[in-house]
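Q: If you're matching them up, the sequences are chains A and B in order. Oh and the first sequence: position 396 is 396 in our numbering, straight run, nothing missing. Oh and the second sequence: position 113 is 1113 in our numbering, straight run, nothing missing.
Incorrect hints may have been included.
Some chain A residues close to chain B (C-beta under 10 Å, calculated; not the full set) [as the list claims (entries may be wrong)]: (1) GLU318; (2) GLY319; (3) GLU320; (4) ALA324; (5) ASP356; (6) GLU360; (7) ARG389; (8) ALA394.
Hints were generated in silico from the structure; no laboratory data involved. These numbers come from a predicted model, not from an experiment. Note that the Cβ used here is the ideal one computed from N, Cα and C, for glycine as well.
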Amino acid sequence: MNPARMPVYLDHAATTPLDARVAARMAEVLSSPMEYGNAASASHGYGDIAAALVESARAQVAATVGAAAPEIVFTSGATEANNLAIFGVAHYYCERGRHIVTARTEHKAVLDPCRELERRGWQVTYLIPDRDGLLDPGQIAGALRPDTVLVSLMQVNNEIGVVQNIAAVGAICARHGGAWLHVDAAQSVGKCPVHFPSLGADLMSLSSHKVYGPKGVGALVISQRGDAGRGRVQLTPLQFGGGQERALRAGTLATHQLVGMGLAFELASKISSVETARVAQLQQQLWRGLASIGGVLRNGSATRSVPHLLNVSFEGVEGESLLAAIRPHVAVSTGSACTSAMAESSYVLRALGRSDRLSESSLRFGLGRGTTEEDIDIAVATLTREVRRLRKVAGAVPVT
Amino acid sequence: VNYNELTRHYFETAANAGELVGAGIFRGAAGNLSQGTWVQFDLQVNAGAVSEAKFLAFACPHVIAVSAWLVEQAVGRPVLPRLPESVQVLRERFAVPVEKMGRLLIIEDAWLAAVHPAVDYRG
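Work out the full structure, taking the sequences as your base and the hints as a guide.
A: In C-alpha cells, the structure reads:
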C-alpha cells in the first residue's frame, strides 16, 4: 500500500504508533555492544547493565502510575497481565471462595478468563451497566458475597471510553475485606489520571502499545500495601521457569521492549493539559460533524469519558457496508467484533441496550497525538458522503 | 472481508439504486431489518422485456453489488421466471463467501417475487 494513500488513522484505541523517541532508544539498546546481556545474569557486567536498564524501566512505569517500582511485574501485555491477575487470585484464594464479580462490558481479556474459570467451577457475576455504560458502585456492593475473592473492572472502556468510578469500588472492596480489586487500565494511561494508590486497587493491568510504546510488553501492578486483616494480595503464578519477576512471570526479560515501555510511560506522564484539551476539541469537532448527518447516536456517557474515544451508531446503514465504504479513506474500528461475514455485533453496545442492527452499524473513533483538524475534516466528509449514499441505496427498509 | 474488483465496482457505484413508479412496474422484495438483509427490485416491463430496473438494498457490499449488477443486466432483455444466472454462478462471479449464501437466496427471493407476475405481462 502506498503510504501517501493510507487512510486517516483514527484507531488509536486499538494501538498507537511507536513514538520516534521510543523507537530510537529501543534501537540503541538493540544495537549496543554493551546492552544485550541477560538481566538475570548476575555473574558479569553485561547482565548488570541489562538489569539496570530493566530496573530503570520499572521505575519509569511505576512513577507514571504512582506505584512503587517493586510493585511492577512485567508481562507480554495487558492480556497476560489480566490473565495473571484473574487466574492468579482465583487459584491462590480458591479455598477462601470461588466467586468473582466483573461487568458485561469488560474486554475479552477479562471475560474469557472468567468464562474459563466458570468451566472450572468458579461462579462469576456479570454486572450490567446503565445505558451510558456506567456502573453504580452500589451494584458492586450488592454483588459481593462472603465467598467473593475478586472484583475485576476496567477503568476506561476500550469501546466507548467511559471512565468507571474505580476509587469508589476500591473502598467497597476494602470494606468487604475478602475481595481483591483488579483494574484493567490498558486504555487509561495518558488519557486520564491513573494513580494506583488512589484507586484503592490491589492489581492493575497496563499496556505499552496503547501509549506509543512497543507491542508485546505490558505490566501487572501488584500492590504491596495490605492490611492487618488480609495482608497483601497473593497470586499463584501461571508460568514457571527461571524465577524472573519475583517468580510470578518466568522468562528472560526483553530488555529493549521494557526500555521502550518505560520511556513511553514517562513521556505519557508529561502530556500537558494543552494536549488533552486539543484532543477534546478534536472530539467535539468530530461529534458535531457526525451529528449533523442526522440519525447518528452517541454511545456511552459524554461527560464521564476520555476525549480520545468516540463511539457512534448510524441509523439506516448496514454495518459491513459502512465499514467497506469508508475503509479507503478512514481507518476506524467497527463497533462490532466483526471478524467474518458472520458478524457478531458488539456485546458492549448490546449491554448498553443498543439493538443488534445499531450495534453492527457503530464505529469507534480513536484519536491520538498525531490526529489533526484536517484528519477530522476528512473523516466527517467521508462519513457524511457514504452514510447518505448507503441510506439512499437502502431506501425505507421495513423494520420487520 | 475481502471483495473482488467486480464487487467493489458495483458496490461503490451502486448504479440504478432507487424505486420506479407508474404503470407496468413489478416489485419484489425479500428479507428484513432483523435479518440484516433486505432487497427490493422494481422492474418496468414492456412487450415482455425489461425497459428499466431499479433496486434498493439494506445489505452488505456483496448483496448491493449483486443487486446492482442484476438490474443492469436485466434492462433490454426478456423477462424470465428465474435469475439471469444461478445463485452458484453469482457467488463465484462476485466471490461471495459461502457463509453468505443465505443472503444470495434473499436476492433470489426478491427477484422471483418481481419477475413471476411480470412474465406474462405484455402491457
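Q: Compare the structure with each hint and give your call.
A: A quick look at each hint next to the structure:
For GLU318(A), the interface hint holds, the least distance from its beta-carbon to any beta-carbon of chain B being 5 Å, beneath 10 Å. Below 10 Å, beta-carbon pairs count as interface contacts, and GLY319(A) has one with chain B at about 8 Å; its hint therefore holds. Given the 10 Å rule on beta carbons, the hint for GLU320(A) holds: about 4 Å separates it from the nearest Cβ of chain B. Interface hint at ALA324(A): satisfied, since its Cβ lies 5 Å from the closest Cβ of chain B, which is below the 10 Å cut-off.
Satisfaction of the interface hint for ASP356(A) is found here, the shortest Cβ-Cβ separation to chain B being roughly 8 Å, below the 10 Å cut-off. A distance limit of 10 Å between C-beta atoms decides the matter here; for GLU360(A) the minimum to chain B is near 7 Å, and the interface restraint holds. Because the beta carbon of ARG389(A) sits about 7 Å from the nearest beta carbon in chain B, less than 10 Å, this interface hint is met. A least Cβ separation of about 4 Å between ALA394(A) and chain B falls short of the 10 Å threshold, and the interface hint therefore holds.
In the structure shown, no violation is registered for any of the earlier numbered hints.
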